[in-house]
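Novice: Taking the hints into account, I'd like the entire structure generated from these sequences.
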Amino acid sequence: MYMSAVATKIEDKVKEAPLTVPLKIDKSESWKLFDTIAERYDLLNYICSAGILSLWRQKLVDYFPKGSDLKVLDCATGTGEVMFSIMDDHHFDIQEIHGLDLSKNMMKKGLEASEDKSYAKKVCFHHASATQIPFNDNHFDCVSMAFGIRNVDDYQNCLKELYRVVKPQGRVLIMEFSLPKNNVIKSIYLFYFRHILPFIAGVLSKNKSAYRYLNKTVEAFPYGDAFVNHMKDAGFSTVWKSLTFGIASLYIGTKNE
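Position 100 of the sequence shown, counted from 1, bears residue number 100 in the working numbering, the numbering being contiguous throughout.
No lab work stands behind these hints: they were computed from the structure. A hint or two may mislead.
[Stated by the list, open to error] Simulated pairs of lysine to any residue, SDA-like, Cα-Cα distance not exceeding 20 Å: (1) K160 with K216; (2) K117 with D69; (3) K167 with Y63; (4) K109 with C124; (5) K167 with P134; (6) K167 with D42; (7) K59 with V239; (8) K232 with Q169; (9) K108 with K160; (10) K71 with Y155; (11) K216 with L197; (12) K167 with D137; (13) K160 with P134.
[Said to hold, decoys possible] The following label-pair restraints were derived from C-beta to C-beta distances: (14) Q156 with A120: 28 to 38 Å; (15) D137 with I200: 42 to 52 Å; (16) D89 with Q156: 30 to 40 Å; (17) D233 with K181: 22 to 32 Å; (18) A226 with Y192: 41 to 51 Å; (19) D69 with Q156: 25 to 35 Å; (20) D88 with T244: 14 to 24 Å; (21) Y192 with L43: 10 to 20 Å; (22) G202 with D233: 30 to 40 Å; (23) K117 with D62: 19 to 29 Å; (24) A226 with Y46: 23 to 33 Å; (25) D88 with V239: 19 to 29 Å; (26) K232 with Q132: 32 to 42 Å.
These numbers were taken from a predicted model, which means no experiment stands behind them. We put the CB at the ideal spot given by N, CA and C, even for glycine.
Specialist: Encoded structure:
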């Protein structure tokens, strides 16, 4: 059940975002950064990842649970690309799917994109935080969160919220950037992330500082076994899959109750 007192639907009037965001930003206000780059966010991600981001999303979808009349939540949904990828493959199995995010501009783009989908009536966007999810306990069969948890102030609190809203034996799929173990690949990756990516993004989005911020959050994130331990502390049994030389990781958590 959706608790409307905690969040508002994106159909409400979307306020204009500020034009610039400082390089040093509190994670609790990182949504402001995404508001500034929403217009070209998906294009930037495609270009800067050489198209590999769509392959990673499909890998997440490959681990989506089987069933019927499923209820699904996508946290840090942004423009809804993960939701759409899930629905493209599983819309006959899904009763309802909800995406939540703090960036209204990002969700506005997603809402516009969803209107042309055959499954548009099943898709709903909510302006809310993954640390205060506006749904009752044990509501969802599956919860996903792609490239968003590193922008959360308190990973553990967020994971506890995901654990709370997923059903017993339900699945949580978290995808996030990580660092390659191979030192040569790691050096190339970090050079690209620190210097080339901000330049390309700066040219296309006029906001180089946004991608410098994102690079810093990636390098500071506790990936691999360290993040698996965070998930275990929240109550999940977790499997960790390394993707593309360790550039990204998929964490598959099950609520064992």
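Novice: Please go over all the hints and tell whether each is borne out by the structure.
Specialist: Comparing the hints with the structure gives:
| no. | hint | in the structure |
| --- | --- | --- |
| 1 | K160 with K216 | 25 Å, violated |
| 2 | K117 with D69 | 19 Å, holds |
| 3 | K167 with Y63 | 17 Å, holds |
| 4 | K109 with C124 | 13 Å, holds |
| 5 | K167 with P134 | 15 Å, holds |
| 6 | K167 with D42 | 31 Å, violated |
| 7 | K59 with V239 | 14 Å, holds |
| 8 | K232 with Q169 | 14 Å, holds |
| 9 | K108 with K160 | 28 Å, violated |
| 10 | K71 with Y155 | 24 Å, violated |
| 11 | K216 with L197 | 12 Å, holds |
| 12 | K167 with D137 | 8 Å, holds |
| 13 | K160 with P134 | 14 Å, holds |
| 14 | Q156 with A120: 28 to 38 Å | 35 Å, holds |
| 15 | D137 with I200: 42 to 52 Å | 43 Å, holds |
| 16 | D89 with Q156: 30 to 40 Å | 31 Å, holds |
| 17 | D233 with K181: 22 to 32 Å | 23 Å, holds |
| 18 | A226 with Y192: 41 to 51 Å | 23 Å, violated |
| 19 | D69 with Q156: 25 to 35 Å | 31 Å, holds |
| 20 | D88 with T244: 14 to 24 Å | 22 Å, holds |
| 21 | Y192 with L43: 10 to 20 Å | 18 Å, holds |
| 22 | G202 with D233: 30 to 40 Å | 38 Å, holds |
| 23 | K117 with D62: 19 to 29 Å | 21 Å, holds |
| 24 | A226 with Y46: 23 to 33 Å | 29 Å, holds |
| 25 | D88 with V239: 19 to 29 Å | 24 Å, holds |
| 26 | K232 with Q132: 32 to 42 Å | 23 Å, violated |
The earlier numbered hints that this structure contradicts are 1, 6, 9, 10, 18 and 26.
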